[in-house]
Amino acid sequence: MSGAAEHRTAPPMQSLRAALVLSRREQINLIVAVLMFGAAALLPVLGKTYWLSIGISVAMFTVLATSWTLFSGPTNYIALSTAAFFGIGMYVVGAGLPYMPFPALVVVAAVAGALLAAVVGLATLRISGVYFVIFTLGLAELVRQIVAWAQHVMGTSSGLYVLLSISDSAMYWLLLGLAATVYLVGWFIGRSRLGFALRIIGNDEVVAVHCGINTARAKVILFVISCTFASITGALVAPRWSYVEPSIAFSPFLSFEVVIMALLGGVHRLWGPLVGVIPFTLLWEFISAKFPAQTTILLGACFLLIVYFIPRGVVGLLEDLVRGHVGGSGSVRGLFQRGKTDNA
Amino acid sequence: MPDGSPDAAVLRIEGVTKRFGGLVAVDNMSFALSKNEVLGLIGPNGSGKTTMLNMISGALKPTSGTILLHGKDISTAPASEIAVRGIARTFQIVRMLPSLTVLENVAAGGVFGHSRRWGRELDNYARDLLQRVGLRGADDASVAALTYIDQKRVELARALASDPEVVLLDEWLAGLNPTELRTGIALIEQIRADNRTIVIVEHVMDAIRSLCDRCVVMNSGMKIAEGTPKSVLADAEVIRAYLGDADA
Amino acid sequence: MGVIIIGLLLGGTYALMAVGLQLQYGVARIMNLASGETLVCGAFGAVWFFTAYKLSPLYALIGVVPLAFVANWVIYRVMILPLVRRAKSQGQLEVDSILATFGLSFMAIGILLAMFGGEFLAYSYLATPFVILGQPYALNRIVAFLCAAVLCAGLYIWLHHTRAGLTLRAVSVNPSAAGLVGINVARTSSFAFALGGAVSASGGALLSMFLNFDASLGVIFTLKALVIVIMGGVGDIRGAIIASFILGLTETAVATYLDPGLTLAAAYMLFIVILLIRPEGLFGKRSS
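Residue numbers (this note's numbering), protein chains in the order written: chain A, 1 to 344; chain B, 1001 to 1248; chain C, 2001 to 2288.
Worth flagging that the hints you see were computed from the coordinates, not collected in a lab.
The structure displayed is predicted, hence computed values, not measured ones.
A virtual CB, placed ideally from N, CA and C, is assigned to each residue, including glycine.
Possibly wrong hints are sitting among the right ones.
[Said to hold, decoys possible] With a Cα cut of at most 25 angstroms, we get these calculated DMTMM-like pairs of lysine to aspartate or glutamate:
1) 2088(C) <-> 320(A)
2) 1072(B) <-> 1163(B)
3) 1061(B) <-> 2280(C)
4) 2088(C) <-> 205(A)
5) 1035(B) <-> 1150(B)
6) 1061(B) <-> 205(A)
7) 290(A) <-> 2119(C)
8) 2088(C) <-> 26(A)
9) 1061(B) <-> 204(A)
[Said to hold, decoys possible] Pairwise CB distance ranges, derived in the manner of DEER restraints:
10) 2088(C) <-> 30(A): 41 to 49 angstroms
11) 290(A) <-> 2261(C): 16 to 24 angstroms
12) 1064(B) <-> 247(A): 52 to 60 angstroms
13) 2078(C) <-> 294(A): 19 to 27 angstroms
14) 2176(C) <-> 1124(B): 40 to 48 angstroms
15) 103(A) <-> 1098(B): 44 to 52 angstroms
16) 1064(B) <-> 2174(C): 47 to 55 angstroms
17) 290(A) <-> 2119(C): 18 to 26 angstroms
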């Protein structure tokens, strides 16, 4: 394939076998990404414990926000259930640690999250986006209630001791690795038939259906992938607190923060959420230190500001600047076209 | 001349009715579609033609009656399944995928439908189709930049991309000037020459006369005539339906 | 038997919050995720009136309802209308209004926390037993139910027998057609949104007579209201009322025979059943 012909071919045209053949632009993106991850991996080496702790938060929220975007970006369905899956991951580890090794529990958490996501998805994604949002709104609270009830029935207390020590550095690298995995998965999906199907669905679901796409199945698969990552994250960070409680694990603030960060960054690019996570985490450190009593109000206010004034996120703003006008000729670029500007 | 006898029938519509609350949009319609024929579904505005088409493509479900594709009941099948079984369509108001290029719009039809392609094969096939509908060179353009007519061509190419057995054209020739009309009619003839079966909903009588082997005329949801274009267009009741009593 | 009566009493009182949301979603077409917070505000209002002025919640309604009406009117005008104008499709409006009301609900929770702190608030009003069919029930539950019944009946009559109510129903059926026959859709939607908020708040005031409230309970009420509205079918107030009873009964049954901590699970169970069997709800119209 000549360079010119390759450049003309959009990613969806390449079969999976040719997926490993990258266009020049994609090669550059890959190198940049590897360099960035390499640089990020050096953080623990610097020896600053405070910054490492922030780094862990950033890495964790990057995974959560990016995997959230994997689903909610292309489908425009707002999933408010991150905390439910995160909490499940935490509780699987908390409850299972006396009985099984940690790595096995992470796998169990992933499976549990995937199963719940499949059930929720199959029940709600066939119908309409509104039902989905409502269902996810209370899902964390529902799971929390069921977990509390189950423990009540079994006679154990609802808080669990997680007695496994993982150094901050190790946790950071684990989360970084997980983030890299999310990006890889997102990138592969983007080049796959599923990714193409999602772009079509995102443009016009009627057309998608008439092209033979089983839209419900595509959405469910994507939702399952997204939630599995959230569960794995919960499992991985469980050792960070030695005592895990339902209010921490299933905190509604978590779902809210993840949505804010993703929206702030922009949900139409895979790397959008990262742009939202970093400033928001830093901002949040500042706010919760200075105004501890008003955090909820400020959180809500931030959210509203984003919804009203930067609906396409910082990434959207940047793209408008680059293209020189606001509104971008109506083309909301597909989620998985990484930074391409050669298409009209 | 295909006569719609059972062995030749690709599609059978049997007693199909569609109610929207109190409104009966389609009333006990029955007809058959033979292999490789071009069937015209005509009638005045509001007679239920597009509703009928929507039921065949699966966008709507009949309130009663059955639709059989090669003897298999597809009345309750979801539209995606019907597309996979080989029925493709265009829409009365063109539906483009705005954030995809022209080529991707066409390719969209060829990945999940009746025939599935991917990669280089899909790429070449889609470019080929674009050329056939007269849009060579527009591959990487944005669909927003195209004229309405060109968008219609893209939609046709998208429908053909899945290699369908049956093509449903919903007023695809509407709004064309005489030259465009001639090209459009030639295109549809080409599609028939590809051994496909076509149902066209149209108001352009010239096209009906030159393209259709048979016509089914609807009025107020019911079938009022069936036969060759020449015979139905001379039918008194058909004339009355279109022009009113004074001219019958 | 006792379970049934308590369930009915509870369900009837839930009806108000469901009808409130019904007005906002069915007419103004706004999925208001902050409606639970409106309810909690109504409850807190009643608590405040009672503890500060020793006023019965029934009198508190007189203060709470207009306040809620005005507040929701302002919210619609200031927050929702810009979204309506900006939205290019109903789908986008739904997403935007969900996000906006979600953010609003967090702010509201924060404000309530700042004003009232994080503890549960309760007061004792009419907590005397009243005997029905040989079993004692809390009088406050009965009174709350009766008030809710009166209010719901009033609303139903208003919606179906007055011109103004007809306007609301017309907009809920088809906003563009309603606009074509001369109805000011924007003003009707604002009114419906404000009215919905007022009804939800009144529901909260009545519920406060026998339930304890804290600032964070809003979400749970929003959810229950949503489940009821979906169960009943968007667009018909009778559906919401019947569904409220179903939820009240189910919840009471689950709380009595299984565990009081599983009430949300009960609501979700109903939700799943409806989604699987009849997604358009009891009285809803199946969209083709």
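For each hint, the structure was consulted:
{"no.": "1", "hint": "2088(C) <-> 320(A)", "verdict": "holds, 19 angstroms"}
{"no.": "2", "hint": "1072(B) <-> 1163(B)", "verdict": "holds, 20 angstroms"}
{"no.": "3", "hint": "1061(B) <-> 2280(C)", "verdict": "holds, 16 angstroms"}
{"no.": "4", "hint": "2088(C) <-> 205(A)", "verdict": "holds, 16 angstroms"}
{"no.": "5", "hint": "1035(B) <-> 1150(B)", "verdict": "violated, 29 angstroms"}
{"no.": "6", "hint": "1061(B) <-> 205(A)", "verdict": "holds, 18 angstroms"}
{"no.": "7", "hint": "290(A) <-> 2119(C)", "verdict": "holds, 23 angstroms"}
{"no.": "8", "hint": "2088(C) <-> 26(A)", "verdict": "violated, 33 angstroms"}
{"no.": "9", "hint": "1061(B) <-> 204(A)", "verdict": "holds, 20 angstroms"}
{"no.": "10", "hint": "2088(C) <-> 30(A): 41 to 49 angstroms", "verdict": "violated, 36 angstroms"}
{"no.": "11", "hint": "290(A) <-> 2261(C): 16 to 24 angstroms", "verdict": "violated, 37 angstroms"}
{"no.": "12", "hint": "1064(B) <-> 247(A): 52 to 60 angstroms", "verdict": "holds, 55 angstroms"}
{"no.": "13", "hint": "2078(C) <-> 294(A): 19 to 27 angstroms", "verdict": "holds, 21 angstroms"}
{"no.": "14", "hint": "2176(C) <-> 1124(B): 40 to 48 angstroms", "verdict": "holds, 45 angstroms"}
{"no.": "15", "hint": "103(A) <-> 1098(B): 44 to 52 angstroms", "verdict": "holds, 45 angstroms"}
{"no.": "16", "hint": "1064(B) <-> 2174(C): 47 to 55 angstroms", "verdict": "violated, 26 angstroms"}
{"no.": "17", "hint": "290(A) <-> 2119(C): 18 to 26 angstroms", "verdict": "holds, 25 angstroms"}
Violated hints for the displayed structure, listed by number in ascending order: 5, 8, 10, 11 and 16.
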